[in-house]
Amino acid sequence: MAMQYRGVIQVARALEKEMGKEKTIEFLKKATAERMLNYGKTQAGRMPNNNFDTYVNQFRSGYADSLTMKIVEDTEKAFELKVTECIWADAFLRAKAGDIGFAWVCFGDYSWPRGFNPKIKMIRDKTLMQGDTLCNHRYIWEV
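All letters in the sequence shown, in the order written, are residues 1150 to 1292 by this note's numbering.
Worth double-checking, as some hints may not be accurate.
Straight-line C-alpha distance at most 35 Å; calculated DSBU-like pairs for lysine-lysine [stated by the list, open to error]: (1) Lys1226 <-> Lys1190; (2) Lys1275 <-> Lys1226; (3) Lys1270 <-> Lys1231; (4) Lys1245 <-> Lys1179; (5) Lys1179 <-> Lys1190; (6) Lys1268 <-> Lys1170; (7) Lys1245 <-> Lys1231; (8) Lys1226 <-> Lys1268.
These are computed hints drawn from the structure, not numbers from a lab.
Work out the full structure, taking the sequences as your base and the hints as a guide.
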C-alpha cells in the first residue's frame, strides 16, 4: 500500500514547495471531494437503488482486508462504525504524511455518500490519520 501512495506524497511535497503547505492541503481536499463525489454517483448508478441501506451495506460485508472496524449502530436512519486499524492511515503515517493522507483519502469520506445519495450525511470528528485512536464514521439518512 505504501508504494501505491508514494507518488501522491511526492507530488504533494513538490506542490508544497510551489504553493505552500496550506494551499496544497486545500487543493488536495478540493480534488478529493470532487473525485469521491463522482465516485459515489458512479457507484450509485451501478446499484439496483441508491438508498441508505444499499450504501451502508458495503461496510457490513466489505473492507475486511483494509480496515479493522466494529459496527456500533445499525438502524434504518443511522449507521456508525469505529475503525481501529486502516491500511491507508498506516501507509501515510509511516511516510510521515498524515496531513496529505487526510486530504487525499479521509476527506473524501464526506462527499462519497452525498454522491451516492444527497440524503446521506457522514459525521466524523476523529481519524487515525490525524493521530486519534480511531475513526468514528456516522452515517445519517436525512429523510
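Could you work out which earlier hints the structure fails to respect and list their numbers in ascending sequence? none
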